[in-house]
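Please build the complete structure, drawing on both the sequences and the hints.
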Amino acid sequence: MLDAAMPGKGQPRKLVEITDLKMHFPIRSGLLRRHTGDIKAVDGVTFDIYEGETLGLVGESGCGKSTCGRAILRLYEITGGSVVIEGRDVAALDPEELRKARPTMQMVFQDPQASLNPRMTVADIIGEPLNEHSALSGDQKLARIYELMDQVGLNRTFANRYPHEFSGGQRQRIGIARALALNPKFIVCDEPIAALDVSIQAQVVNLLEDLQDKLGLTYLFISHDLSMVRHIADRVAVMYLGRIVELSPRDELYEDPLHPYAKALLSAVPEPDPTHEATRQRIILQGDVPSPANPPKGCNFCTRCPEVQPICHQQDPDLIEVRPGRHVACHFVKPEKPTAGPTGGTEAKERNQQGETQ
Amino acid sequence: MTDVTALERPRSQWADVWSQFKSHKGAMLGLIVLALIVAFVFIGPWLWRIDPKYVNPDAVQMIKTRNKPPSWDHPLGTDQLGRDMLARMMAGGRVSLAVGMVAMVISMVIGGFIGLIAGFYRRLDGPLMRLTDMFLALPLLPLLLVLMMLFRDSLAGLLGPEAGTFLLIVMAIGVTSWMQAARIVRGQVLAIKEREFVLAARSIGVPPRRIILRHILPNVMSSVMVAATLGIAGAIITESVLSFLGLGFPPDFPTWGRLLFDGVEYMQLYPSRVIFPGLAISLTVLSVNYIGDGLRDALDPRIRGR
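Residue numbers (my numbering), protein chains in the order written: chain A, 1 to 358; chain B, 1 to 306.
Please keep in mind that the hints were generated in silico from the structure rather than gathered at the bench. No residue lacks a Cβ here, since even glycine has one placed at the ideal position from N, Cα and C. Treat the hints with caution; some may be incorrect.
[Claimed, not checked] Across the chosen pairs, the derived CB separations fall in these ranges: (1) A/PRO335 to B/PRO208: 45 to 51 Å; (2) B/ALA191 to A/GLU97: 41 to 47 Å; (3) B/GLY278 to A/ALA194: 39 to 45 Å; (4) B/ILE43 to A/LEU98: 52 to 58 Å; (5) B/LEU190 to A/HIS313: 56 to 62 Å; (6) A/ASP139 to B/ILE303: 45 to 51 Å; (7) A/THR279 to B/LEU190: 18 to 24 Å; (8) A/TYR76 to B/ILE43: 56 to 62 Å; (9) A/PHE25 to B/LEU143: 39 to 45 Å; (10) A/SER167 to B/LEU190: 27 to 33 Å; (11) A/PRO296 to B/PRO208: 36 to 42 Å; (12) B/ALA191 to A/HIS313: 39 to 45 Å.
This is the structure:
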């Protein structure tokens with residue numbers, strides 16, 4: 001997608017390629033538990049993640065962000081599409097191959113309390129991936145556990161403690177250490193900061209950024225906190241009702257959202273500056289999100305879109321590249337003449353810098 | 001933090017469990033009482049060398065020594081055939097304890113296994129739970145009677161009358177008492193397998209059997225423990241019911257339940273005949289209950305250290 005902006009040299013490698021990912025949960029009803037419908041939590045999502053970048057995935061509650069993240073790691077059996085991570089289609093691997101592929105892709109969970117087994121010590125929790133995937137001796141494993149604890153800023157003397165003895169931020173560090181244990185390339189961060197205090201959120205996000213610089217990690221950063229995504233992400237995908245409506249480089253999205261939903265969503269971000277805040281125009285959407293079991297005909301957003309037209313109720317818009325590096329799914333955002341605009345250039349440069357730090 | 005060598009190595013979990021268990025007063029008391037009861041039934045017979053089945057062949061002597069109250073010769077008195085109650089309590093305790101423990105272990109293993117599998121694998125949930133319902137709906141006593149009728153003689157021929165009966169009773173009680181445990185375990189597994197740490201284990205690539213053993217089983221242990229301690233009492237009583245109906249051990253073979261039932265007809269005249277076996281059963285059940293309580297607390301790190 002950056003090809004237009006930067007043809008030829010220094011093209012970052014695509015680490016993850018997701019094509020038409022679908023995750024439908026069956027609805028069963030009646031006495032015989034017959035399959036009567038599907039909840040289309042993720043309904044045809046296509047995007048790529050480049051090596052070393054952070055892709056933010058934002059959207060309101062229930063739009064399928066977390067499901068999308070879990071489906072990419074195949075924590076659910078996906079309904080359709082493909083997820084190619086490092087050249088392997090994760091969606092098609094058999095269980096044993098999938099197990100062997102697990103070390104490249106890891107996950108940091110939303111609720112640090114729930115994602116740690118209350119009956120295991122920190123050393124056991126961080127050591128579990130090592131037990132599963134490596135043949136280290138006891139001492140080597142312990143050394144690796146201590147190394148990981150240092151990396152995430154946990155005191156080594158905590159190794160014998162249990163998760164309930166920690167604060168939320170520390171627990172999230174344990175979860176991050178566990179995700180790092182196998183030297184993954186790709187980490188799905190499923191709202192890793194949603195359950196934390198604001199001051200702790202900054203610590204955890206900074207930790208994630210430091211680790212990315214040091215270890216060259218690639219993140220899919222799922223969040224509903226738009227300011228935090230602006231801070232950490234390189235590109236941002238906006239999801240609505242199981243689909244991506246806009247996928248753009250961060251700065252361009254925040255300055256000039258193209259999709260009506262992205263506009264509405266970003267208009268809700270509070271401004272720290274009171275003079276700007278006073279003039280901020282919020283776009284307030286009418287109505288509720290339609291049920292993912294019964295999405296509207298045509299564009300998914302047509303029931304609430306302030307700019308809705310008759311065609312929106314008929315045809316489903318595709319996600320197309322309308323500006324260099326910017327993909328929008330809307331009938332009324334037409335592609336401009338493809339010119340290598342300056343914005344695309346700066347974006348690409350930024351990514352190069354990240355490549356150098358690895 | 002400065003000196004790496006000074007760091008304590010991760011301790012074994014069982015050391016923590018034991019130190020917490022020790023601090024639970026009730027559990028330690030229960031452990032001591034149970035140890036005393038075990039010593040009483042296993043070491044006791046070496047010190048108190050009266051044959052529990054000895055009936056004085058001289059009918060006059062036998063009648064004179066019947067139903068004696070406690071005395072120096074017979075500290076717990078004698079029964080209706082002049083047999084020494086202390087010796088019978090020791091001999092009976094061995095069988096009762098063994099039946100209680102083994103039957104409990106069998107029923108917990110079956111119940112735990114079925115509960116875990118039914119809770120974890122959605123596809124097996126329906127069939128296994130219907131099987132559980134079916135077992136719950138079976139009238140147990142008639143089923144036990146039929147089992148005894150069918151298999152007692154063949155097993156007795158194979159293993160000898162006592163070992164055969166023991167095996168049969170233990171199996172029969174175990175196989176007919178696992179359903180509560182299975183239901184409790186299944187309910188807990190359903191709740192726990194949706195927790196994020198199970199998802200985290202899957203994302204690490206832990207195979208299902210190890211997810212069950214490492215993440216789910218320890219978290220359902222506490223409810224299994226409660227069911228197990230109650231199960232021991234149930235097994236001891238069920239064994240005595242079977243013996244009472246003449247389908248357990250032979251009538252002259254003492255067990256606590258048997259002694260209790262034999263004493264019931266004389267209860268108003270010689271209350272000690274009922275009190276001692278009843279006390280033994282109650283003490284065992286109570287001590288096992290406390291041990292289970294302490295074990296449950298000790299296995300839970302959130303309670304440990306409090």
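Right, here's what the structure says about each hint:
Take A/PRO335 and B/PRO208: their Cβ atoms lie about 48 Å apart, and the range 45 to 51 Å holds. Taken as a hint, the range 41 to 47 Å is violated for the pair B/ALA191 and A/GLU97, whose Cβ atoms sit roughly 31 Å apart. At about 59 Å, the beta-carbon gap between B/GLY278 and A/ALA194 misses the expected band of 39 to 45 Å. For the pair B/ILE43 and A/LEU98, the beta carbons lie near 57 Å from each other, so the given range of 52 to 58 Å is met.
A hinted range of 56 to 62 Å is violated for the C-beta pair B/LEU190 and A/HIS313, which are about 42 Å apart. Between A/ASP139 and B/ILE303, the C-beta spacing of about 32 Å breaks the proposed range 45 to 51 Å. For the pair A/THR279 and B/LEU190, the supplied restraint of 18 to 24 Å is violated, since their beta-carbon distance comes to about 53 Å. Checking the proposed 56 to 62 Å range against A/TYR76 and B/ILE43 shows it holds: the Cβ atoms sit about 59 Å from each other.
Take A/PHE25 and B/LEU143: their Cβ atoms lie about 42 Å apart, and the range 39 to 45 Å holds. Take A/SER167 and B/LEU190: their Cβ atoms lie about 30 Å apart, and the range 27 to 33 Å holds. In this structure, A/PRO296 and B/PRO208 meet the distance hint of 36 to 42 Å, their C-beta atoms being roughly 39 Å apart. Distance hint check for B/ALA191 and A/HIS313: the Cβ-Cβ separation is about 43 Å, which falls inside the suggested range of 39 to 45 Å.
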